[in-house]
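Chains A and B supply the protein sequences, listed in that same order.
Per this note's numbering, the first sequence runs over residues 1 to 498.
Per this note's numbering, the second sequence runs over residues 499 to 1352.
Hints listed in this document are in silico derivations from the structure and should not be mistaken for laboratory results.
Some hints here could point you the wrong way.
Computed far set for chain B versus chain A, every beta-carbon distance over 12 Å [stated by the list, open to error]:
(1) L528
(2) D544
(3) R665
(4) V679
(5) W709
(6) E712
(7) P762
(8) L788
(9) T799
(10) V913
(11) S941
(12) D1076
(13) I1209
(14) R1302
Restraint ranges, calculated between C-beta atoms of paired labels, are given here [unchecked claim]:
(15) A:E187 to B:R931: 48 to 58 Å
(16) A:V440 to B:S659: 20 to 30 Å
(17) B:A1139 to A:R335: 37 to 47 Å
(18) A:G366 to B:A662: 35 to 45 Å
(19) A:G366 to B:R979: 41 to 51 Å
(20) B:G932 to A:L451: 17 to 27 Å
(21) B:G932 to A:G65: 35 to 45 Å
(22) A:L451 to B:G1266: 51 to 61 Å
(23) B:A1111 to A:A345: 44 to 54 Å
(24) B:R979 to A:L451: 37 to 47 Å
Which stretches of chain A does chain B cover? Using the computed rule of at least three CB atoms under 8 Å from a CB of chain B, they are [claimed, not checked]:
(25) 28-38
(26) 316-329
(27) 379-387
(28) 437-449
In this text the structure is predicted, and so the values were computed from the model without any measurement.
Where is the CB? At the ideal position from N, CA and C, for every residue including glycine.
Letter by letter, the chains look like this.
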Amino acid sequence: MHCIAGIVLHMLPLAPLTTAALVAAVVVAFLPTPARRTPGSLASWLVIPAAAVAAIGTVDAIAHGHDVAGASLVLLVTALTAVVQLYAARNLRGDPRSRAFFALSSLAATGTVASIAAQDLLLLAAGWTIATASTIALIRSGGAHPQTRLATRRAAVALLLGDGALWTAVALVVATTGSPSFAGLGELRGTPAVAVGVLVTVAAIARAGSFPLHGWLSATAATSTPVSALLHAGFVNGGALLLLRFAPVPSFLGPWMLGLAGGVTMLVATVAMLTRPDVKGRLVQSTAAQMGFMLVACAMGAFGVALFHVMGHALFKASLFLGAGSALERDLSLRAAAPPSRSRAGAVVGGTVVLLAAAGAAVATGALTHPASVLLLFVVATAVVAGTALGAGAASVGARVAWIGGVALAAIGYIAIVFPAAEALAPETMSDALPSVFAVALFAGACALALIARGTGRVADRLFAFAFSWGRPPLPAPARRASAPASATIGPFEYGRL
Amino acid sequence: MTTTAPPQRQATIRGWVSASGRAIAPHFPLETFIARNPLAGYEDLDHEEAMRRIAEEHGVLLTFDEHRFRQLYAQGRISHDDLVAALRFTVREARTADPVVVDGLLTTVCEVLLQDLLVSPPLPDAASSLTTPAGAISPRVQARVDDLTSRWLAVVLGSPSWSAPVRGEGMWSSWRRLAAVDATLPRRVRSGIRTSPAEPAGAIDAALAHWGLEGEQAQEFIRAHVLAQPGWSALVRHRAATSTGVDLTSLVAIRATLERLLLPANAAPPAPARTTAPMTERVDAVAAALSADATRPGVQTALGRILSLADGYTRLTVWQEAYERGAARPLTPPAVPVLREMSPKARPLAQAVFCIDTRSESFRRHLETAGDVETLGFAGFFAVPISFRPADGAPEVASCPVLLTPRVAITESSVERGAIDGWRRRRTAAAERGHAAHALKESPVAPYAFAEASGWLLGAAMLARTLAPIAWHKVRHAIERTKPTTHVDADVVFSLDERVLYAETALRMMGLVDGFAPIVLLAGHGASVANNPFASSLQCGACGGHEGEPNARAAAMIFNDPATRTGLAARGILIPDDTLFVAAQMDTVTDEVTLLEPWAVPATHEKAVLDLADRLATARAENAVDRSAALPGAPRGVERAGALEDTVRRSVDWAESYPEWGLVGNAAFIVGPRAITAGMDLGRRAFLHSYDAAADPDGSGLETILTAPMIVAQWINAQYGISTTAPDRFGAGPKPLHNVVGTVGVLSGYGGDLRIGLPWQSVGVGVGPRHEPVRLQVFVQAPLGRVNEIVQSSDIVRTLVMNRWITLRAREHDAARWMRFGRYGWENEVGSLLQERLGAPAEHEEDRKKENRS
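So that you can see chain A by itself, here it is in the shape it has in the complex (with noise of 0.2 Å):
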């Protein structure tokens, strides 16, 4: 209580309300439910004024301009876990662990939310173990499926780590400065300031399954849908904040572990992707390369662009995962279209366009003098990929320039008024940031794969071969089964021991 008190105390003017109605949710998922309701599900109804207040409370940081960031990052993690509720409501009809989903749902939102709002690294790490806990056992909510306790113990592990390597962090600024106070960051010096800098890399690296600390995230998939949709989009980006509170350390090695890290992620996970026939499977390496790009767009500085990236991605995954189970009937109705014959005219000029729009707006912008520009190539890339592909369809030449033209207006208001403002998300800046060539080689490793993924031959085949079994858990050995009479519940195993 002392503790809950304490993180109430140092908050944002309106973080202490949303915080108590989340630990109040908390309390509700364990009450008696109607019996037609799901168990538990009545937290759903604090969680939603939780998020209501967090609204508010970016309302008014925008108006004042503190810590817009961190305001509107809890407002994503208090409306996110409403929307899973509501949705759980109806999904987990019959889990017979639908009330600790609702229960550490909430308790993992009230420790990410006190780790955005703390005013000091005790409060931060304290709500980041919170959260990971919560999350392990959210995981573990997924039932009594082998497979859910192998991602179980894999998270834990991983995760636990990285949380070890924060509180180390946390200690070794607080025996150095003599304060826990953000404010002190900034003067570390020396052997110190490096090891807090690696330090907290480690955790971030963990939260956000990169390599090598990438096996547990792709065991996930063996977890219930709404957990799922939970972790990937308000759990795994964590790190994004974590660098940003700790930007101020002055400490080489971060930064080129953070970007090693993410860059190989980012490779390789998305050729991993490829690979993968399995929906959930496609879904948690997607997220292991976005966040391979949130680290390295960190490690290069831009906190702002990893922060508007971070929750893009949030929305974007949660609805995917939560509309996993339609994967059939979208490749059933890919399948069904006709196949869009490829106008090859039609994909040069819809690319050429959308390139010189980007790099248009990129030079008169001024977007260029910016250190984190080279981060834009991705920008430009998805813009021309999007302009090739919508440029090569069967419509009408007028809907096609039509869609042209919207998607190089789309990349022209990203560069123009987007990117600078998520910079002035997070104005901070890094002082040993990475210099911009490494983005480049980046860029160019990406452009590379995605060539040799095109062909075949002994290059693919080797490159298929390691991307097919990347970041693949293990399947855990059949029990033994029990010689003990069984019992007479019948039901499927995921179901078994509570």
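Fit chain B to the given chain A structure using the hints.
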């Protein structure tokens, strides 16, 4: 290892593999889910014997286990009388009333066996005794073999974005090529794969030689590998029938090769130990229950002799029989003469023909209550075996039972050329945008900014879909351009002779040869659901897991065709000129019946159609109340509007895991005039097929019913049954854990076996089953001789009936007793089922009420 096995040896091995494959029926990809018995290969065995074999080979039971049965007995769901009757029915020796003396006590064989049922130690959990060498030596290696094989099968059958390296050559060859460069495998294993035989049968031979297996043992080894992951084997069997390169031999070859290489070179499997339940425990338990002293001399022998009449599987057979008697009773059409009106009946407003699907039963009941409408039951493909080419240019789908091959393809088209072109173009453009989005998501450079940009749109949609699913659906529906009026070309692609033949067959089969109403509604059915990979399991089984729309339209077109009617008149079926056949489709989630070609209704029939529409609306509201009471999470105090809205929400809500109950509870197949079941609340548990022996003089209609719709009903019944009793092996598990693989099926989790069968949400809630796994109880009202002939002449029917996979009862007319087809022909049932039915109608009423409550 590089020596190749001689062709003859390879052929032998292939033969062994396909023989083993019979132990698991082919699994249809999820896109066209076909409910069927995954263990159909055992149907040529007597049900009890099959139970033994299945327990040995699959480790599952076809029935509930004895714990559950005893629980049902204690709850009164299995009555004592039924249990005694079932015992006397199953074990002939128990029929004698001769006393037996055990330890000075006077008892009977029946009494001893009854105590055995109630108190003996139950059968231990069925555990498969088939093990692969890896299973016997190291479960860890076994899991690794399962893992590597299943992920390979997933990539071959599940079509990932990058599949070029696994295509082109056979599954075995591409596996050999790619596994040899898989760095996660030990070097020794990789080189072993590189030097393995080029032919899959040769690779199996190498494994057999390695373990020193021959003959019977070799076959057992192969069967163990085929059944190690039954889901993938079942899908491979289906795929092997249509494409080359994917076959069971390659699957076994991959498994056997991995197993041989991953296990230490000198490992040898231990000899399997087999244990049987000792008789003494049973004797002790029964003796105690009879209050006899088991230690006295002679008691052991006397009881042992009686108990040896029935082993554990016989006991389960008795329990199942008793359980089924209880289930069948409220579904049995009563043996009382149906009142026949003396004056000719007034012509009803309409006759409505629905699919035999159990879900039609309650709708028909409510529609009849709404007034002036007669209903009939007929297989939902309306006897037109077609494939369908929709107007949007989607690929052709076979819309008929999978037992049949589509005779012709029906094309949907329109004369509104501009409208249909515009509509089609819109759909193509939407699909192209889908392709473009796909390209962005799956490109190594593009997904980052794409996720950022589209995330905000998707996030807004997510919010709307979760908070207001109905409103979201309405908005989407409003944006979509409405489909222009279309027609199908059934009257063109079928010749006149064919049309007349189909029409006559259908009408005679359902006994509708005179007294046609002004409107005859042909209602197919479909289910609208959202975000549900098992959507096709809720569609029409008679249409191959698709909506019944094309068939209803084609059939209505044939029946309305003047030339066909002239042809029918020549064959003695006179359809009045003012009778209009109207095609419709019922949505089984919302109970809404939609007219499929409203533009084809002439002004002369406008009033009648509108009147019918009113009655359909009333029936919908009543049926929604009736059904939603049983759905998990239904609104309380189900008011009509609330129930209706709830069913509509379920049909569009992407979060809903229980859109409807499907065919849960299906237990009976009743063939006869509707009059014999009219007014009975069968609780959506019976397939109702209309039949009137008088309209089918040569019995060919009945033959079709028993050899086609009844078989489909048995498939569905067996599928629901096995998904309930063995949800872990033949069910797909809870929906929130599903991970869709391509369009072929689901995994539960990140890997492992393909989960075949129905998801748990189709058969149960929480840890309680909702479906009652009883074998199909078939009731036929027709001359016994005719039924007899069909049973004798049809292999498939005879096998099912004689081997007790279904129970067949028949009677000549309304007032006759039901006779049961036993091993020695028609018999009165041992036990008192019939007397009870005649003598105590009150009890029957009560049963039915109980049924409704539960």
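Item to check | Cβ contact check, 8 Å cutoff: the stretch 28-38 of chain A against chain B, three residues minimum | outcome: holds (count 4)
Next on the checklist: Given the hint of 20 to 30 Å, is the C-beta distance from V440 (chain A) to S659 (chain B) inside that range or not?
Outcome noted: 26 Å, holds
Item to check | Coverage of the stretch 316-329 of chain A by chain B (three or more Cβ within 8 Å) | outcome: With 13 residues close enough to chain B, the hint holds.
Item to check | Distal placement of L528 (chain B) relative to chain A, Cβ over 12 Å | outcome: 6 Å, violated
Checklist entry - Should the hint that A1139 (chain B) and R335 (chain A) are 37 to 47 Å apart at their CB atoms be regarded as holding? => result The hinted range 37 to 47 Å holds for A1139 (chain B) and R335 (chain A), with Cβ atoms some 40 Å apart.
Checklist entry - Taking the closest pair, is the beta carbon of E712 (chain B) still more than 12 Å from chain A? => result At about 28 Å from chain A, E712 (chain B) clears the 12 Å cut-off, so the statement holds.
Checklist entry - So does R979 (chain B) sit 37 to 47 Å from L451 (chain A), Cβ to Cβ? => result 40 Å, holds
Item to check | Range hint 41 to 51 Å (beta carbons of G366 (chain A) and R979 (chain B)) holds or violated | outcome: Given about 44 Å between the Cβ atoms, the range holds.
Item to check | Proximity test - 8 Å, beta-carbon atoms, the stretch 379-387 of chain A to chain B, at least three hits | outcome: Per the Cβ count (6), the hint holds.
Checklist entry - Does W709 (chain B) really sit off the interface, with its C-beta more than 12 Å from all C-beta atoms of chain A? => result 21 Å, holds
Next on the checklist: Cut-off 8 Å, C-beta pairs, minimum 3 residues; does the coverage of the stretch 437-449 of chain A by chain B stand?
Outcome noted: Per the Cβ count (4), the hint holds.
Checklist entry - Is 44 to 54 Å right for how far apart the beta carbons of A1111 (chain B) and A345 (chain A) are? => result 53 Å, holds
Checked against the numbered hints above, the structure breaks hints 1, 3, 4, 11 and satisfies the rest.
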